[in-house]
Each structure stands twice: as C-alpha cells, then as structure tokens.
Amino acid sequence: MTAFLAVVSNRAVATAVLAVVLGGCASKEEAPVDGDFQRNLQMRLLDAKPGETIEIPAGRYSLDRSLSLRVSGVTIRGAGMNKTVLSFKDQKVGAEGLLVNASDFTLENLAFEDTRGDAVKVNEGERITLRGVRVEWTGGPSTSNGAYGLYPVRTRQVLIEDCLVIGASDAGIYVGQSEDIVVRRNTARLNVAGIEIENSRRADVYDNTATENTGGILVFNMPNLPQRGEGARVFRNKIHGNNTANFGAKGTPVASVPAGSGVVINSNDQVEIFDNDFADNATAHVIISSYFSTGYMTEKGVAEIFDPYPEAIHVHSNRYAGGGDAPDGLDLKALKLAVFGLGGRFPPVLWDGYVDPKKIRAGKLPADLAICVRDAGPVLNADGPGKYRNPRVSAAEYDCRLEPLPPVELKL
Amino acid sequence: MTLAGVERSKRLLALVTLLAVLVGCSEGPTGPVFHDATDPDTLAEWGVFGIESGRLVPREGVVDYELNTPLFSDYAHKLRTVWMPPGTHASYSSEGAFEFPVGTIITKTFYYPLVTEGDRARVLRTSLAKGIEPAGRLVLDQVRLIETRVMVRRVSGWAASTYVWNDAQREARLERAGAVQPLTLVSEGDASTRAQVDFDYVVPDVNQCAGCHATDVKRGSLSPIGLKARHLNREHDYGENGGRANQLEHWRRTGRLRAPGEGLVSAAALPRAAVWNDLSAPLEARARAYLDINCAHCHNRLGPADTSGLSLDASETSSVALGVCKSPIAAGRGTGNRRFGIVPGQPDDSITVYRMASTDPGVMMPELGRALAHDEGVELIRRWIAAWPDGRGCDQRVSNSARHSASASRLSRSQG
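The listed protein sequences derive, respectively, from chains A and B.
Those letters in the first sequence? Residues 1 to 412, by our numbering.
Those letters in the second sequence? Residues 413 to 828, by our numbering.
No lab work stands behind these hints, which were simulated from the structure alone.
Ideal Cβ positions, reconstructed from N, Cα and C, are used throughout, including at glycine.
Only true hints are included.
These stretches of chain A come out as covered by chain B in the derived footprint (C-beta under 8 Å, 3 or more residues):
#1 37-48
#2 68-80
#3 91-102
#4 118-131
#5 140-154
#6 165-178
#7 224-235
Think about it this way: if two alpha-carbon atoms lie no more than 27 Å apart in a straight line, the pair counts; the simulated DSSO-like pairs of lysine-lysine are:
#8 B:K490 to A:K92
#9 A:K92 to B:K520
#10 A:K49 to B:K630
#11 A:K250 to A:K387
With the hints as constraints, model all of the structure from the sequences given.
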C-alpha cells in the first residue's frame, strides 16, 4: 500500500498542489513504524507556511515520535476520523502525539491512537479549532493510558466540535486556563473525566454526549495557577451512565471524582447547568463542591489567594432519570444510608455545604453569589464544614434565580 | 601556445583538480561565517570548526566555554563554543541570558568518550573529561561525535538547528527533522563487572529545539539557556589562549562581554550557580542549580510549563511554586499515584523524583532530551527532599480559622 501526504495551499481549490509519495506499509494488523511518513510529515510541519493546509490521506500510520507545529495559520486535515489514523502504540519520544504552539490552527478529520501521554496539546494560541478528531486508547480504560485526549491550554477562542474521545486516564476533552470556549457535539466515553473545563473563563459546553466515564462533565478551579476560571454554561448535553470505576492516577485532580458523577463543579463560580438530560449516574447527577472536599487542601501547598468556594451556581430545567442509588466510596455510601436509608437514593443534586464565611450576610450568601437549584427536587447539603454530622435536605433554600449567563461568541 | 605549453597547462589543470578533490570542496570556509537567512546544509559551512591533526578544533576567535551545572543529556559530553563578529560584544545581565550581537554563532557538540578506540557503538559513561584537550580540542579517535547544535543570532532573533555527524566523523549534515542513533552506554571500571545499557540517542527536530529554547511561551522566540552569569561564572582552561581563567573575566578581558557602569569588576561578586556534583557546596544550592538548568527553561513563570503552576527557576522563592505540598494540575499518570510535587522529608512520595527517575515518555521529566534517567541527578534531588529543613509531610489540616478542616472529605473518593 502506498501512502500519500499532500500539502494544499489555501488558495488552491481543493486540489493537491504538491503530493509527496511516501513508502508506506500500513497494514491494519501490524503497522511497523513508518519512518518516511513520520519524517516527511514532521518536515511539512516544520516548513509549513501560514495559510497552508496539510492533508493526510486515508491510511493507518504508525509513529514513534511526537509531532509538533509552531507555525500559525495552518490546517491539518485527514480523510475522516476512521480513515486517517495516526497510531502511537510504539511511541518512544515525546509527551504528546501532537504538540501545537501556534494560533489560527485547525485540526480535523483524523484519529490519534494510543499516545503515551496526551494526544493533542495546544499550548498558547488563539483561534483554535479541533473538529471531527477521534482520540482513542484502544485497550479501554487503564491507568497506563495517556492523560488528556484533546488538550488546549492557555488558549483563547477555542472550538472543539464533533470529536470522539475514548479512554483518557484523566480527561477526554480538557480545556485549561483558556478563554472563550465552545465545546459542542462531541462524544466522550470511558474516560475518567469526559469533558473538563478548568481555570477557564467563558465556556459553552452543549450538545455533547458524556457516557461511561467516571465523571461526565467537570467544571473545576485549581489553586496555584495564574488564571482563575469562572463563567461556564453546560446545556443540552446527554450525561448518562457515567459509572466507570475511577482509573485515574492518584494525585490528579480527577482522581477525587467519585464514579457515578454526572456534572461536578469544584471551586468554580458562575456556572449554569440547564436543559441537560441526566440518567443513571449512580452517585449523583450534579455535585457542587469546594476544594476542601477534594482532599488536596494543605496548609503549605495552596496559595492563600485561592478561593475554594463555588458561588453563583445555577442548576435548572434539567431532566433527571435514575441514578443516585449506588454512590462510590464508603463515605458516600454511609451518607446515603444515614440520610436516605438502605433502599433510598441521593437526590439529583449534592452540595458539600462549604460557604465563604467572609461573604455571609444575615446568615446566607448574597443573592448574586447563591447556589440556586430548581426543577430537581430537594438538594442534599452534606454539611462538610460540620464534619458531615448534620446533612440536610431542602428544596426551598435553593429556590432562587440567577441572571442567565451570556452565550460565548467566537470569532474564528 | 606551444604543444608543450598545452601539455603543461593540462597537467597543471589535472594537478589543481586533484588538489581540489584532496582538500575537498566541502571543507568550506576557514573561519566563522554568519549565515543571515538560512541554515547551510553542512556544519563546515558555518566555519566554526576545523579538523587538524585528528582533532576537531574551534577556529580562531571561537571561544569554548562550560557551565557550572549542565543540562543532563543521556550522559553525553558537550563542547560549547561562542563566536561573535569582530568588533562586537555581548552585554551582561545578572539574571537572564546575555544579550548577544547579530551574527553571534553558538554551538554545542554532543559527544561521548569511546570505550575502546575504533568501536564507535560503545560509549563511556563517565563524568571525567576524556577525549578533549584544553581550548576545546576534541580528539576524534577517542570520541563518538553525535550532533552539533547551532544557535545563530539573526536580525529576526535566535534560530536553532542541528547537524548530525556521519560515521566517518568528518562531516555533519543539517537534520531539521532530527534523528535517532542507537548507542551502548558502558560504565567505567573493570571490563568483567561494568554495566552496559543499549539506548536510542534522540537528536531533536527543529521544533523540539524551540521546546526548550522558547523560554517565554507567549513570545515564542528562542533564547540561549546556558549563557547566563550564574552558569558561566567559573574557571575554564583556555590552554595556549590564556591558561586557566574565570570565564566572565576572560570574556571581559578579551572584549567579548561588557557591562554597564562598574559591573564585572570581580567575578567573585557576581551570581554563581553551584556545581551540582561538587560535594563541598551546600546541598540546597546544588539541588536548586540542578533544577534550574534541567527544568526552568519550561518551568519558569513565563515558560511553556507555567500551565502547571510549578516554577523551578533559580530565582523562585515560593515553596508552593517549587512543588512543596502542591497538587499537580495536569500530570495525568505522571503522578505515579503520588499526591504532591514535593513531600518534605519524603522523596519516595514526591512526584518530582518519580518523574525524574522515569524513562516513560508519558511520565518523564524533562519530556525531551533524554532516554535514560540521570541516576546521580535523581539522587541529588532525593537527598535534598529527604533533608528538608522545616518539617516532614504535607499536613492536610488547615490551621487558618478562615479555612475549614478537610481531614474528612466525604464528597471525594478515598485516596488512601
């Protein structure tokens, strides 16, 4: 079989201007590392000019080194997420499959399999599009899988759509320390975290399917980082059956996520969760929590400036089915037993109960910082601050409204 | 012209042709050449080195230098040189890299002493300077040359490339996409007992050069890493060109380095990084110097690894930024099931040690530039953490009354 690597200028009308013929030997069962393909592809990436499209035709290619791009304005395009496959099963070098440090970047219609570390990392850049990309660790969930599937970090104007990520030992789709983000129409399966928005500002996460992960969709803030996140809308997603046992390495933020979590908000502010379909997440459909509940809060290791309290959280208009019946971990099992009895189940929404004491006025948070939950029945406040001695259930306490968050506007 | 004259000129032409072949057109220039736009195909065209009497020799005006504590690169030895156009000089900085004039050419040649002459597949693991003579003269029969990396200061900024040496060890060619060279690394000592390990030495591609040398990720521009006062402030043997002298003082004396005002009067007053394996230096200073040169090109407050919140620069004063009781951000399985970057007094529980000791591409730190672990470097950091001065462990109880106790965390999985 012969493989082609075509480079198409933007001005050319969908024709390959330059096609480099490479000796490929890409059989599906056994794909020896294709050194010529790898070398030529990396050379195209080194020599790319702004406005260029690098096309990788259908084929299965085995690589043993990571790829990298540092030129802005480049598109890398395959023939389809099941047709153009870059396999890193034999990877020897590099912490990613593809590392991008550039702006105006588009990656579409191809697959990355079995990278040793992260599959696709974009570090610093504006106007980043990841579309129709499949990332998969083909052996299924395993702690030895790479950490992140699609991983833009410190980016602005980010679009991730129509992608499929399977088997990440941390987060399938992870957007970190970024601004103005749209994550839509993706499927995340069998990852520890399906989709995670961390220390990011203004994210819209919608029309995704998150299933069979440990936790479906996470909105987190971590301490000790230059950028604190706030402002995420999670809506119109299908978030069901995220009950895979947590296979993340201990010490990672996601290792604290109980299996059976639909959406987890941790230490983040201004989060709106609405119009989602939740089903069969065995711990709880929505968990609202502070950094105290992760077990990582240490005196020496968390900068004093860090704000661990989730505030201005608005959960409404979702549909819930099943779930809450088999929480993960002895503590949560005990809590369920204590409050709801042997055959009972957690309500759809759990809150750990931590409130910033400095902000309390007349016994509660100001209206614009409140935790508002409607259309979900009663909320369980686990009473973390009281050492879980007095967990309590209420719907009325949370019956409030916050201003809807504005949609994210991308200018790609 | 007479017939004899024609014959004579034919013979002359043949002789000239023969000479040209013998000398070799690839010999190139006899002194450094600033290529201001593109990288030539061969190292020879830079004119930085000549080959004389079986030695790779820096040409006139090219000065070799060494660092107090170098980056670990699979036990490779390194010959470093710098050349500046005549009449120009570098400008001193106390903390960052010196400012170099346009036209500056820096090289770093990676080589290994051979176990036995003639066998270039087996190379020696040694901390001793072998196969090199004063003033940076490499004895070609005694070493295996791998690659020579070139950084050049153009009008547009620094550019990096690398040249891979051929089997005959006489020519190095530009390899922008990098290369892999299988080697056998043999420990010193008795032939019957010494350990050996096969590994793939990886020559970086041009983007990977930037992976380390783009120390400011937002700007993305390249910068030298080692050419800083603290790394250069040490003695060096200049051989016939001045004997043993402090490098900064030698550079100042020879007009290569200038500082504004009264700077550079005495090297003793200037910043100086510890030599990582100099047992007479304090452990703390050696460990911080090691982390500085091996990690801080990414792990500084403006670097590509600022995403981690971990900053290992020599000037870093925050213990959290060094990793003390700090949770990782995006380490994935790089945690090795450990919870914090540095657990005071407990190196085996510290992610920093775990990642330094690993050779798995998805785990190891640094991510690039080595296939082997640096046993001695890992041991240094291990001892530094073990000897932590103020208290052991990472206490999860938070004493500040504004902070709640997290000793019982019911909404998280038990992570015992």
